[in-house]
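Trainee: Under my numbering, read the sequence shown as residues 1 to 232, first letter to last.
Treat the hints as calculated values from the structure; they're not laboratory data.
Mixed in with the good hints, there may be bad ones.
[Said to hold, decoys possible] Here are the simulated lysine-lysine pairs, DSS-like style, with alpha carbons at most 27 Å apart:
#1 Lys73 / Lys119
#2 Lys42 / Lys189
#3 Lys189 / Lys217
#4 Lys217 / Lys157
#5 Lys42 / Lys119
#6 Lys119 / Lys48
#7 Lys16 / Lys48
#8 Lys156 / Lys26
#9 Lys189 / Lys156
#10 Lys73 / Lys148
#11 Lys16 / Lys157
#12 Lys16 / Lys42
#13 Lys148 / Lys119
#14 Lys148 / Lys39
#15 Lys40 / Lys128
#16 Lys119 / Lys156
#17 Lys73 / Lys16
#18 Lys40 / Lys148
#19 Lys16 / Lys40
Note that the coordinates shown come from a computational prediction; the quantities given were computed from them, not determined experimentally.
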Amino acid sequence: MAETTLQRIKQYIDYKGVRVSAFERKIGMSNGSFASQLKKNKTIGLDKLENIVKIYSDIDLDWLLSGSGNMIKLNILEENDGRFYKKIGKSEDNPDIPLYDIQTTSGIIDLFGDNENQKPADFIRVPKTSNCDGALYVAGDSMHPLLKSGDIVMYKKIFNLENNIIWGEMYLVYVNNDGNESFFTRYLKQSEREGYVQFVAQNPDHQTIEFHVSSIKALALVKGFVRTNSLF
């Protein structure tokens, strides 16, 4: 399923750390309408797109409409006062991301919960990456060849799941289904069954599975990944 303009707008909102309700007010949408349109895979009006580009002047129009290029303009000129905005990617905009080396489901549960008992194994810094809660080593081959075991994925925790899932994106997902706990790295897609979510692997050897949304106990959007190749 191709990514939609609404899904890209949601990525931008998450990146900026803007509340959806505040975003709706600024661009002239009624309260809750953006989340509703996103959930139903609907489109957004041209007048609202014009408002977004006008109000949030750092967003790249080509990326917004087609998904090509970068989300944020590297340099933008504010015509009203002639000032330049900072370049995205400077060290102050890219804080160190805590990297966790967790091998067990219980460790994942602890990390994604409120206990905060897990301590980072290290810290990483990736250019042009911000607003991440942490990073994890990938285990397994479900997303091969896109991801391989040992790669690092950077994530942002998602709350209010029913309104904030962007269908077709890759997530880290902790599931508790009738007492059976599992942790997945998967694409999430809407199921034909009401209230269910499809977990789709990149690797064709892994079947698509479905869980009720209530089984999802923790969710994090994969915002990027790092691969290290070594011959020694």
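Trainee: Failing hints, ascending?
Mentor: 1, 5, 6, 10, 14, 15, 18
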